[in-house]
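From just these sequences and the hints, can you work out the full model?
For the record, the sequence lines run as chains A and B.
Here the first sequence stands for residues 1 to 120, numbered as in my numbering.
Here the second sequence stands for residues 121 to 227, numbered as in my numbering.
You may find that some hints are simply not true.
[Stated by the list, open to error] Just some of the chain B residues that point at chain A, by a computed CB distance under 8 Å: (1) P164; (2) Y169; (3) Y207; (4) Y211; (5) A214; (6) T217; (7) P220.
It is worth saying that the hints were derived from the structure and are not from the lab.
Each residue gets a CB set at the ideal place from its N, CA and C atoms; glycine is no exception.
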Amino acid sequence: EVQLVESGGGLVKPGGSLRLSCAASGFTFSSYSMNWVRQAPGKGLEWVSSISSSSSYIYYTDSVKGRFTISRDNAKNSLYLQMNSLRAEDTAVYYCARDSGSYLYYFDYWGQGTLVTVSS
Amino acid sequence: DIQMTQSPSSLSASVGDRVTITCRASQGISNYLAWYQQKPGKVPKLLIYAASTLQSGVPFRFSGSGSGTDFTLTINSLQPEDVATYYCQKYNSAPFTFGPGTKVDIK
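If you want it as structure tokens, here you go:
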């Protein structure tokens, strides 16, 4: 059974940093691109970042470029999102999601999400 | 960047009704379009990819169509468990943008 478990969320002050993790199991992690999608309270889904299976290709939405860094450790079956210079508008539930496995970035499995709150 | 829009933003229909949601891309994306369902308080679920391919396990009352810039998600015979917000998403190239969502409830 595919499982994605996010951790690392919490309350942080504007300008602060946070590192999210996603522990994957039930599939060959190193064969899949992985992604972060967020959802602000009461709002829609927003794609944040994607990383290919070997980390060769990395993509970000414009609003997080230069502030967020996606990475992965295939030996540990883990995905990460380092978030720096956090802003109030980064407040959201952050979901880890697996892509389809064919370098096609639609998402067939999602974690339960971790809440990030940026507030003073 | 390509923008995604959806219409309507919300709708209310009766059980058994046929429901149609439209998604439009500001530029052509071929058939690189997915649909997701998010029930209240739950995680998004993939319904359809490649514009019209039903994800395994998804009820056959859901169907998708379209190519290029205009796409449709249809729910044949709406059921109470279909109350949710539905999102389209483009994946032809980054950014892998979601539409704003369509909220569906029961009349």
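Hint check results:
Interface restraint check: P164(B) against chain A, minimum CB-CB distance 6 Å, threshold 8 Å, status holds. The restraint placing Y169(B) at the interface with chain A holds, with a minimum CB-CB distance near 5 Å, inside the 8 Å limit. Look at Y207(B): its Cβ gets to within about 5 Å of chain A, closer than 8 Å, so that hint holds up. Evaluation of the Y211(B) hint against chain A yields a held restraint, the C-beta minimum of about 4 Å falling below 8 Å.
For the restraint placing A214(B) at the interface with chain A, the shortest Cβ-Cβ distance is roughly 4 Å, inside the 8 Å limit, so the hint holds. Annotation: T217(B) was flagged as interfacial toward chain A, and the flag holds, the nearest CB pair being 6 Å apart, inside 8 Å. Annotation: P220(B) was flagged as interfacial toward chain A, and the flag holds, the nearest CB pair being 5 Å apart, inside 8 Å.
In summary, the structure agrees with every hint in the numbered list given earlier.
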